[in-house]
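Protein chains: 4
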Amino acid sequence: MQKIEVGILGATGMVGQHFVRFLQNHPWFELKWVGASDRSAGKKYREATSWRLDGVMPEEVADLTVQECKPDHAPRLVFSAMDASVATEIERAFAEAGHIVVSNSKNHRMETDVPLLVPEINPDHLQLIPHQQRLRGWKGQIVTNPNCSTVVLTMALAPLKRFGISKVVVTTMQAISGAGYPGVASMDINANVIPFIGGEEEKMQQETQKILGEFRGDHVEPLAAAVSAHCNRVPVVDGHTMTVSVELSSKPSEQEVIAAFREFRGVPQERGLPSAPAAPVIYMEDRDRPQPRRDACRDRGMAAFIGRLRPCPVFDYKFVALGHNTIRGAAGAAVLNAELLSSEGFLD
Amino acid sequence: MQKIEVGILGATGMVGQHFVRFLQNHPWFELKWVGASDRSAGKKYREATSWRLDGVMPEEVADLTVQECKPDHAPRLVFSAMDASVATEIERAFAEAGHIVVSNSKNHRMETDVPLLVPEINPDHLQLIPHQQRLRGWKGQIVTNPNCSTVVLTMALAPLKRFGISKVVVTTMQAISGAGYPGVASMDINANVIPFIGGEEEKMQQETQKILGEFRGDHVEPLAAAVSAHCNRVPVVDGHTMTVSVELSSKPSEQEVIAAFREFRGVPQERGLPSAPAAPVIYMEDRDRPQPRRDACRDRGMAAFIGRLRPCPVFDYKFVALGHNTIRGAAGAAVLNAELLSSEGFLD
Amino acid sequence: MQKIEVGILGATGMVGQHFVRFLQNHPWFELKWVGASDRSAGKKYREATSWRLDGVMPEEVADLTVQECKPDHAPRLVFSAMDASVATEIERAFAEAGHIVVSNSKNHRMETDVPLLVPEINPDHLQLIPHQQRLRGWKGQIVTNPNCSTVVLTMALAPLKRFGISKVVVTTMQAISGAGYPGVASMDINANVIPFIGGEEEKMQQETQKILGEFRGDHVEPLAAAVSAHCNRVPVVDGHTMTVSVELSSKPSEQEVIAAFREFRGVPQERGLPSAPAAPVIYMEDRDRPQPRRDACRDRGMAAFIGRLRPCPVFDYKFVALGHNTIRGAAGAAVLNAELLSSEGFLD
Amino acid sequence: MQKIEVGILGATGMVGQHFVRFLQNHPWFELKWVGASDRSAGKKYREATSWRLDGVMPEEVADLTVQECKPDHAPRLVFSAMDASVATEIERAFAEAGHIVVSNSKNHRMETDVPLLVPEINPDHLQLIPHQQRLRGWKGQIVTNPNCSTVVLTMALAPLKRFGISKVVVTTMQAISGAGYPGVASMDINANVIPFIGGEEEKMQQETQKILGEFRGDHVEPLAAAVSAHCNRVPVVDGHTMTVSVELSSKPSEQEVIAAFREFRGVPQERGLPSAPAAPVIYMEDRDRPQPRRDACRDRGMAAFIGRLRPCPVFDYKFVALGHNTIRGAAGAAVLNAELLSSEGFLD
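Residue numbers (the working numbering), protein chains in the order written: chain A, 1 to 348; chain B, 1 to 348; chain C, 1 to 348; chain D, 1 to 348.
Hints are computed from structural coordinates only; laboratory data are not their basis. All clues given are correct.
When chains are identical, the list treats them as one kind, so a pair holds in a single copy or across two.
Capping the alpha-carbon separation at 20 angstroms, the derived lysine to any residue pairs in SDA-like fashion look like this:
id	residue 1	residue 2
1	K251	R262
2	K106	G198
3	K139	R92
4	K43	K70
5	K167	L248
6	K167	Y317
7	K139	D72
8	K251	A226
9	K167	P313
10	K106	K203
11	K44	E285
12	K203	D288
13	K167	E247
14	K203	G180
Please model the complete structure; the sequences and the hints are all you need to start from.
Rendered as C-alpha cells:
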C-alpha cells in the first residue's frame with residue numbers, strides 16, 4: 001500500500017515537533033512537507049528547528065527543506081500546528097485551495113460549520129463538512145481537535161452520556177508541556193502551583209458542550225449540561241490530571257458507571273485505526289491512580305485513564321481523569337482525526 | 001508580665017518541631033517542657049530529634065530534657081502534636097489530670113463535646129468546655145484545631161456564611177509537608193500528582209460542617225451544606241491550594257462577596273491576639289494568585305489567601321484559596337487557639 | 001532457539017522490578033522464577049509486589065508464584081537484586097550450589113576473585129572465574145556489575161585509557177531512583193540538593209580502579225590513577241549526570257579525545273549481544289547536553305552520553321557524562337553481563 | 001541619624017527587585033530613586049513593574065516614579081542592577097557625573113582599575129579607586145561585586161589562603177533564580193539538570209583569581225592558582241551549591257582547616273556593618289549539609305555555608321559550599337559593598 005503524503009503547517013514549533021515525532025513510522029501517512037514562517041523557509045528542518053522534545057530529531061525529517069506556509073506544492077492532507085496568531089488566515093487559504101486541514105489550533109474550533117472531533121465520541125459531526133464546503137465555497141475543508149484538557153474531560157464524560165449528564169465541575173492540574181516553549185518560566189512553577197491558564201476554562205466549558213452535542217443537519221446542538229472548569233498549572237512534565245464531579249439524571253449504580261467506562265468503544269476501535277488505543281478509556285482500580293508521570297504515556301499516550309470513582313456528596317459521582325496532553329491532547333488527536341477521515345473516504 | 005509555661009506532647013516529630021519553631025519568642029508562652037516517646041525520654045531534645053525543618057534547631061530548646069508523656073510535672077498548658085496512633089489515650093490522661101490540652105491531632109476533633117476551633121470563626125464553640133468537663137469528670141479539657149486543608153476552606157467560607165452556603169465542591173492541591181516526615185516518597189511525587197490522600201476528603205467534609213455550625217447548648221449543629229472534597233498531593237513544599245465552587249442562597253453580587261472576604265474579622269483581630277493576622281482573609285487582585293510558593297508564608301503564614309472570584313456556570317461563584325498548612329493548618333492554629341483560651345480566662 | 005530460563009533473587013523490590021521490566025521480551029532469556037523474602041514466598045508475584053515503576057506490571061510475570069531464596073528449584077542462571085543486608089549469604093549459597101549468580105548487589109564486588117564487569121571494558125576479567133571456583137570450591141560462580149554511578153564514569157573513562165589516565169575528579173548529580181523505594185523523602189529533595197550519598201564516593205573511587213585495572217592471573221591490578229568523587233542527590237527521576245576533570249599523560253588533542261569517545265566499541269558490539277547499544281558512548285555536540293530527562297532513556301538506556309569536552313585549567317580535559325542509573329546502572333548492566341557469559345559459553 | 005538617599009539603576013528587573021527588597025528598612029540607606037528604561041520612565045514603580053519575588057511589592061517603593069537612567073537628579077549613591085547589554089555606558093555616565101556606582105553587573109568587573117569586592121576578603125582593593133578616578137578623569141567611581149557563584153567560592157577559599165591555594169576544581173549546582181526572569185524555561189529544567197550556563201565558568205575562574213589577588217599600587221595581582229569550574233543548573237529556587245577540591249601548599253590538618261573556616265572574620269564583622277553576617281563562613285557538622293532549600297536563607301542569606309570537609313584522593317581536601325545567589329550573590333553583596341564604602345568615608 002502506497003502511503004499518503006502529508007505536511008505540517010508550523011512544523012518547527014513545539015506542537016509541530018510533536019507531530020513530527022508522532023508521525024514517525026506511521027503505517028498510512030508519510031511526512032514529506034514541513035511548512036513554517038518565512039524566516040525558516042528555505043532552510044533544512046535540522047537548521048530551522050531547535051529540537052525541544054526528549055531524545056533527538058528523527059533523521060528522516062531533518063533533511064526536509066522548510067517551505068513557506070502556502071498551499072502551492074503542499075500535500076493534500078496537512079496537519080496544522082500553527083500558532084493562534086496566524087492560524088486563521090493560513091488554514092482558510094489551504095482549505096480554499098482544496099487541502100484537507102486537520103488542525104490542532106483553537107481558531108476554528110467553535111465555528112458552527114467546523115467539526116470539533118474526538119473520533120470515539122462524535123464521528124458523525126463529520127457530516128458538517130459538506131455544509132462547510134457549500135457555505136464557504138471550499139473544495140477543501142477544516143476539521144479540528146479539542147484543547148488538550150477538553151479531550152480528556154470529554155473522553156471521561158462520553159461513556160456517561162447515556163446516564164444523562166446535567167452538571168459537571170472539573171478542576172485540572174495541567175502539565176507544563178501544555179504551554180509550549182519557552183512556555184512557563186521555571187521561576188513561576190518550580191515547587192509551585194499557578195491557579196490560572198488564560199482562556200483555558202472557557203475552552204473546556206464550550207468545547208465540551210459542542211463535542212458531546214448532537215448533529216442537527218447544519219450545526220451541532222450543544223449538550224445542555226452546565227460545565228464549570230477550574231484550570232491550574234502544576235510542575236509535571238506531561239499529562240493533564242483532573243478531578244470531576246458530575247450529576248447524572250438516571251442515577252446509575254457505581255458498577256454501571258465503571259462498566260460504562262470499561263466498555264466504551266468507538267469507530268476508531270471498530271475499524272482498528274492505527275493510532276486508536278485498544279480501549280479509549282481505562283479504569284484503574286488502585287486507590288491512588290491514575291498519576292501523570294506513571295500513566296500518561298501508557299498505550300502510546302492515546303488513552304484516557306480514570307480512577308477513584310466514588311459517590312459525590314454534592315452531585316452523583318466524582319472521579320479522577322488523566323490524559324497525555326501533547327499526544328491525545330494534540331498531535332495524536334489530530335492524526336487520529338486524519339485516520340478517521342481516511343477511513344471515511346475523505347482522502348480518496 | 002510573667003510568661004505562661006507550656007509543653008509539647010510529641011515534641012520530637014515533625015509537627016512537634018513546627019510547634020517548637022512557632023513558639024520561639026512568643027510573647028505570652030514559654031516552652032519549658034517537651035514530651036515524646038519512652039525511647040526519647042531522658043535525652044536532650046538536641047539528641048532525641050532529627051531536625052527536619054529549614055534552618056537549624058532553636059538553641060534554647062536544644063538543651064531541654066525530653067520527658068515521658070505523663071501529666072506529672074508537665075505545665076498546665078500543653079500542645080499536642082501526637083501521632084494519631086497514640087493521641088487518644090495520652091490526651092485524655094492529661095485532660096483528666098487537669099491539663100489544658102490544645103491538640104492538633106485528629107482523634108478528638110469530631111467528638112460531640114470537643115470544640116473544633118478556628119478562633120476567627122467559632123470562638124463561641126468554647127462553650128462546649130463546661131459540658132465536656134461535666135460529662136467526662138475532667139478538671140482539664142481538650143480543644144482541637146482542624147485538619148490543615150479544612151482550616152483554609154473554612155476561613156474562605158466563613159465570610160460567605162451570611163449569604164447562605166448550600167453546596168461546596170472543593171479540589172485541593174496539597175503540599176508534601178502536610179504528610180510529615182519521611183511522608184511522601186520522592187519517587188511518588190517528583191514531577192507527579194497523587195490524586196489521593198487517605199482520610200482527607202472525609203475530614204474536610206465533616207470538619208467544615210462542624211466548624212461552620214451553630215452552638216446549641218450541649219453540642220454543635222453542623223452547617224446544613226453539602227460539601228464534596230477531591231484531595232490531591234502536588235510537588236509543593238508548603239501551602240495547600242484549593243479551587244472552590246460554592247452555591248449561595250442570597251445571590252450576592254461579586255462586589256459583595258469580595259467585600260465580605262476583605263472585611264472579615266474575628267475575635268483574634270479585635271483582641272489583638274499575638275498570632276492573629278491583621279486580616280484573616282486576604283483577597284488578591286492579580287489574575288494568577290494566590291500561589292503557594294509565593295504567598296503561603298506572608299503574614300507569618302497565618303492568613304488565608306483568596307483570588308480569582310468569578311461566576312461559576314454550575315453554582316454561583318468559584319475562586320481559589322490558599323493557606324500555609326504547617327502554620328495556619330497546624331502549629332499556628334493551635335497556638336492561636338491557646339491565645340484565645342488565655343484571653344477568655346481559661347488559663348487564669 | 002530455546003530460551004534460557006532465568007530467575008531473580010529479590011524480585012519484589014524496586015531493583016527486582018527493574019529486572020522484571022528489562023527482561024520482558026528478551027530474545028535469549030525467559031523469566032520463570034522469582035525469589036523473595038519468606039514473607040512473600042508462596043504468594044503470586046502480583047500480590048507480593050507493590051509495583052513502583054511507571055506503567056503497570058507485566059502480565060506474564062504477575063502470575064508467577066514467589067519462591068523462597070533457596071537454590072533448590074531455581075534456574076541455573078539467577079540475577080541478584082538483593083538488598084545488601086542479605087545478599088552475601090544467599091548469593092554464596094546459590095554459587096556453591098552450582099548457580100551462575102549475576103549480581104547487582106555491592107557485597108562481592110570488591111572481592112579479589114570476583115569479576116566486576118562492564119562488558120565493553122573488561123570482558124577479560126571473566127578469567128577470574130576458574131580461580132574463584134577453585135579457591136571457594138564452587139561449581140557455580142558470582143559475577144557483579146558496578147554501582148550505578150561507577151558504570152557511567154568507567155564507560156566515559158575507558159576510551160581515554162589509551163592516553164594514560166592519572167587523575168580524575170568527578171562530581172555526580174544523581175537521580176532519586178538510585179535510592180530505591182521509598183528511598184529519598186520528598187521533604188528532603190523537593191527543590192533541593194542533598195550533597196551526600198552514603199558509601200557512594202568510596203564505591204566510585206575503588207570500583208573505577210578495579211574495572212579499569214589489568215587482569216593478572218589470579219587478581220586484577222587496579223588502575224594506578226587517583227580518583228576523587230563528590231556525590232550529590234538532585235531532584236531528577238532517572239539518569240545520573242556527572243562532571244569530570246581528567247589528567248591524561250599523553251596529552252591528546254581535543255579531536256583525538258572526541259574520536260576516542262566516538263570510536264569506542266567492545267565485545268558486546270562485536271558480537272551483537274541483544275542488550276548492547278550500537279555504540280556504548282555517544283558524544284553530543286550541543287553545548288548544553290547531555291541532560292538526564294532528555295537523554296538518559298535513549299538507546300534503551302544502555303549507552304553513556306558525553307558532552308562539553310573542553311580544556312581544564314587544572315588538568316587536561318573536562319566534560320559531562322550521563323547514564324541511566326536503573327538500566328545501564330543496574331538491571332541492564334547485569335543482563336548484559338549474562339549475555340556476555342552466554343556468548344563466552346559459561347551457560348552451556 | 002539622617003539616612004543616606006540611594007537609587008537603583010534597572011530597578012524594575014528581577015535583580016532590581018531584589019535590591020528593592022533587600023533595602024527595605026535598611027538602617028543607613030533610604031531608597032528614594034528608581035531608574036529604568038525609557039519605556040518605564042514616568043510611570044509609578046507599581047505600574048512599571050511585574051513583581052516576581054515571593055510576597056508582594058513593598059508599599060513605600062510602589063509609589064515612586066520611575067526615572068530615566070540619567071545622572072541628573074539621581075542620588076549620589078546608586079546601585080546598578082542593569083542588564084549587561086546596557087550597563088557599560090550608563091554606569092560610566094553616572095561615575096563620570098560624580099556618582100558612586102555600586103554595581104552588580106558583570107561589565108566592569110574585570111577592568112584593571114575597578115575593585116571587584118567581597119568586603120570580608122579584599123577591602124584593601126578599594127585603594128584602586130583613586131587610581132580609577134585619576135585614569136578616567138572621574139569625580140565618581142565604580143565598584144563591583146562578583147558573579148553569584150564566585151562570591152560563594154571565594155568566601156569558602158579566603159579562609160584557606162593562608163595555607164597556600166594552588167589548585168581548585170569546583171562543580172556548581174545553581175538555582176534557577178540566578179537566571180533572572182523569565183530565565184530558564186520550565187520545560188528545560190523540570191526534573192532535569194542543564195550542564196551549561198553561558199559564560200559562568202570563565203567568570204568563576206577569572207573573578208576568583210582577582211578577588212583573592214594582592215593589591216599592587218595600581219592593579220591587583222591575581223592569585224596564582226589554577227581554577228577549573230563546571231557549572232550546572234538544577235531545579236532549585238534559591239541557593240548555589242558547589243563541590244570543591246583544593247590543593248593547599250602547607251598541608252594543614254583537617255582541624256586546622258575547619259578552624260580556619262570558623263574563625264574567619266573580616267572588616268564587615270569588625271565594624272558591625274548592618275548587612276554583615278555574624279560570621280561570614282559557617283561550618284556545618286551534619287554529614288548531609290549544607291542544602292540550598294534548608295540553609296541558603298539563614299543569616300539573612302548573607303553567609304556562606306560549608307560542610308563535609310574530608311581528604312581528597314587527588315588533592316588535599318574536598319568540601320561542599322553553599323550561598324544565597326540573589327542575596328549574598330547579588331543585591332546583598334552590593335549593599336554590603338556600599339556599607340564598606342560608607343564606613344571608609346567614601347560617602348562623606
